[in-house]
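2 protein chains.
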Amino acid sequence: MDAAEFRRRGKEMVDYVADYLENIEKRLVYPDVEPGYLRSLIPTEAPLEPESYEDVIKDVERVIMPGITHWHSPYFFAYFSAASSYPAMLADMLCGALGCIGFSWTVCVLAASPACTELETVMLDWLGKMLQLPECFIAGTHGSGGGVIQGTASEATLMSLLAARCKAIRRVQATNSNYSESDVLGKLVAYTSEQAHSSVERAALIGGVMMKQVPADNSYAVRVDMLKKMMEEDKAAGLIPFYFCATLGTTPSCAFDRIVELGPLCNEENIWMHIDAAYAGSAFICPEFRPLLNGVEFADSFNFNPHKWLLVNFDCSAMWVKKRTDIIGAFKMEPLYLKHENQESGRSITFTHTHWQIPLGRRFRSLKLWFVFRLYGLQGLQAHIRKQVALAKVFESLVRADKRFEICAEVIMGLVCFRLKGSNELNQNLLKRITDSREIHLVPCQLSGRFVLRFAICARTTESSHIQQAWRHITQLTFELLQEPSH
Amino acid sequence: MDAAEFRRRGKEMVDYVADYLENIEKRLVYPDVEPGYLRSLIPTEAPLEPESYEDVIKDVERVIMPGITHWHSPYFFAYFSAASSYPAMLADMLCGALGCIGFSWTVCVLAASPACTELETVMLDWLGKMLQLPECFIAGTHGSGGGVIQGTASEATLMSLLAARCKAIRRVQATNSNYSESDVLGKLVAYTSEQAHSSVERAALIGGVMMKQVPADNSYAVRVDMLKKMMEEDKAAGLIPFYFCATLGTTPSCAFDRIVELGPLCNEENIWMHIDAAYAGSAFICPEFRPLLNGVEFADSFNFNPHKWLLVNFDCSAMWVKKRTDIIGAFKMEPLYLKHENQESGRSITFTHTHWQIPLGRRFRSLKLWFVFRLYGLQGLQAHIRKQVALAKVFESLVRADKRFEICAEVIMGLVCFRLKGSNELNQNLLKRITDSREIHLVPCQLSGRFVLRFAICARTTESSHIQQAWRHITQLTFELLQEPSH
Ligand SMILES: Cc1ncc(COP(=O)(O)O)c(C=O)c1O
Ligand SMILES: Cc1ncc(COP(=O)(O)O)c(C=O)c1O
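Those protein sequences? They're chains H and Y, same order as listed.
In terms of this note's numbering, the numbers along the first sequence are unbroken and rise by one, the last being 611.
In terms of this note's numbering, the numbers along the second sequence are unbroken and rise by one, the last being 611.
Just chain H, same shape as in the assembly:
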């Protein structure tokens, strides 16, 4: 395919994309295929010779679309929102053409494309200011902190945990020089809420450290007393608390850990506090939600996903650290055990080509932020958040007005947790009917042992009418369910 054909096909693709998104609500939101459906629809091997573009594009509807969950349908209410906007898509087209591989300051100072690294830093400053982050997180106004774009919140959490692990090992070894690295590793304890996302547990698993789940209070938030108690017990047992991951906007119910009280404890005890605000973080650009971020000044690192709720297409997770050197330190290529071993054995290990090595490359993701910030403006982004929160309130009132249902957690952002008053089984049956109908898509969670339905406002194009329609659908299915002889 040459440039001339790309011009033609690219424009057709732009129209295809616009058609798809304009008509998305006519499609069943949830696919109706059997697992393994796709394999039989396409050949078992790649073609030897090129096929025609027409054949390929025809197969998008024949092969791909039947197996797609339409995340951007206004009837998609599952998980949390996944951002999508036209400006971000345009930026991504440009990003693909430039195809420059950014080198991150977290691992390497050499910039292969300065524009890539520098726009990223400045965009995270812009974003940090929108969130009113303390100055210590802003690269342009303070020396030691700054932002970096990660692919996902999971990666950000892992980075923070590894940085904390490295710092803790150095600190412990500084006072106990006879401890080996693995001696320390075996004593380190990380903490997070029992309501935290699974990626937090996974970070600990990858980092090879113990992680304990802190029980949450009635509103599903972690309070300082509980964390303090667990830490005291662990210290008494000879363990070394070193890391706490707070969640602002938990995955099951969008609860907010009390970082205002947790932060000072972490600071006193030399515990790295990371804040995972993957979904809810976007809302902090609105002054009315910003108080929920109070206490961020105690955090060592903070992260949220513009790719969830800030109209920036996947993947783009924004992370700030108070001290860049903490992150860099965790990745420099003379790990502790090597230094140690060198000293002991006299064996010389040289890293011969660190001056040009290619570290973890990354796409030019900051372009998406730049396009979205400028083409929406802060006010446009705030309007988006406010609209989605208002829609959640609409749904909440519909649920509250129906005495058969109950609301299961305070509705603060774009998520409503609700259920039928009655058994878990009843609610499981309701969800099964909803899923089987494929007209709207929800996923469940468990709260205090109860099976709960989550209704999240997701698509940019969801309007009040879609909420009304979804509720009519749910009550219709409820009616049918409750008619059944067994109830």
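Hints may contain errors.
Identical copies look the same in the list; a pair holds intra-copy or inter-copy alike.
DSS-like cross-link-like pairs, simulated, lysine-lysine; straight-line CA separation at most 30 Å [what the hints assert, rightly or not]:
# : residue 1 : residue 2
1 : K182      : K517
2 : K311      : K359
3 : K291      : K311
4 : K253      : K182
5 : K311      : K182
6 : K291      : K527
7 : K150      : K135
8 : K291      : K353
The set of hints was computed from the structure by calculation and includes no laboratory data.
Add chain Y with the ligands to chain H, keeping to what the hints say.
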């Protein structure tokens, strides 16, 4: 921006991209800006109100382009190639519009968009067959193995190391039940070539295990004797060898570790063998290069980057494992230490919402593979590889014909390592002149303590004329350099 405006702007962007790529060689390949140049060119805060699209797009040339290294310029010869093709860009546009977040089978069986997961598996089967991988790696023909798309080779290496770590810990604990997890961690040793990419060291650093560099032979390849000797010594010292990362196509000189001899040793000794063929792997689709992959049947996992040399835009790294359960096992959410702790303390830790949690999301990357495979066909891809290897040979003969220069490593693929006969300083000076001229872009490496220039055939559009031109440029700068009084 609504759909109508997107149609208009999207088509303009398609033209901008085509114009950029058609005229890329007129731009200086390497940017001429000072570090920090960008910050002063744009405001310090995001705009409150939306800006016009014209203003944004004008800034691409004003702000971004001056700081871009043009990776797809035919005069870019640095690092290794970064793939770029029109079919892959079209697929990426579609991927952005679908915006469905794939859930990987490595962490979760639930498929949020079956098309996404299934196309990935089938595409890696197609690709595996192109490479003539043993059947045990092909998901469609054998039960236990299969392929998965990772973002980068670094992530694939990390995954393999973590899987190996988990397996080793379980194995050791099965026979030494009094060993804690950290006791084992402290004894585990991983190995890789001294020529391996820094991401391999980093994987060990992240995983908290010791890694040793195996000295390579004269051709910069690891041989079995050396690995065996190191392992024997380590075992005698009470350590536990568990992982070896072989490189096929090392970063400095594109050398090939001898997996045919290394594989059987690893299998005998219960060592996980991972193969990192990040760059060179693409060439194995050509029968004449396939013998270099012989021995892959001994590997537990194998990885290469279609985003380097197979015309699939970044990011797309293809990984195969012999046993899927090994990878899944390393990430299941009941880590050993928790089990252990549960048993001892009786405290119950429940993972209440694993049935719906959102794991590491991923873009719909297999679409790019599908488009590229079908629109090039296997023969088109083979032609691309062969052409680039032939261009490297052209450059090699130019170097060999000039007695002032020497070739520093066998030219097997698209990389030529060369230098001026003379001191490292002389070669550093030559590289400095090349970099300062900004007309072509190279990076250096060190081989046996010598400073060496790497000339890699990178861009899809590089032709023999560009090679000739680059060589004229290098010899001109050499002439000027050698004219200087100091020489
Ligand atoms: C609180 C929280 N943290 C982390 C994640 C994971 O985000 P990512 O897919 O970016 O890793 C989620 C996803 O919903 C989440 O809700
Ligand atoms: C041999 C080798 N392994 C790994 C990498 C890193 O690849 P990635 O950027 O996909 O992590 C490179 C990069 O050039 C490489 O040459």
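Against the structure, the hints come out as follows:
1. K182 <-> K517: Neither: 42 Å inside a copy, 41 Å across copies.
2. K311 <-> K359: For K311 and K359, both the intra-copy (10 Å) and inter-copy (26 Å) Cα distances are at most 30 Å.
3. K291 <-> K311: both (14 Å within a copy, 22 Å between copies)
4. K253 <-> K182: between (46 Å within a copy, 25 Å between copies)
5. K311 <-> K182: neither (58 Å within a copy, 56 Å between copies)
6. K291 <-> K527: Neither way: K291 and K527 sit 53 Å apart in one copy and 53 Å across, limit 30 Å.
7. K150 <-> K135: both (23 Å within a copy, 25 Å between copies)
8. K291 <-> K353: The answer is within: 23 Å in one copy meets 30 Å, while 35 Å across copies does not.
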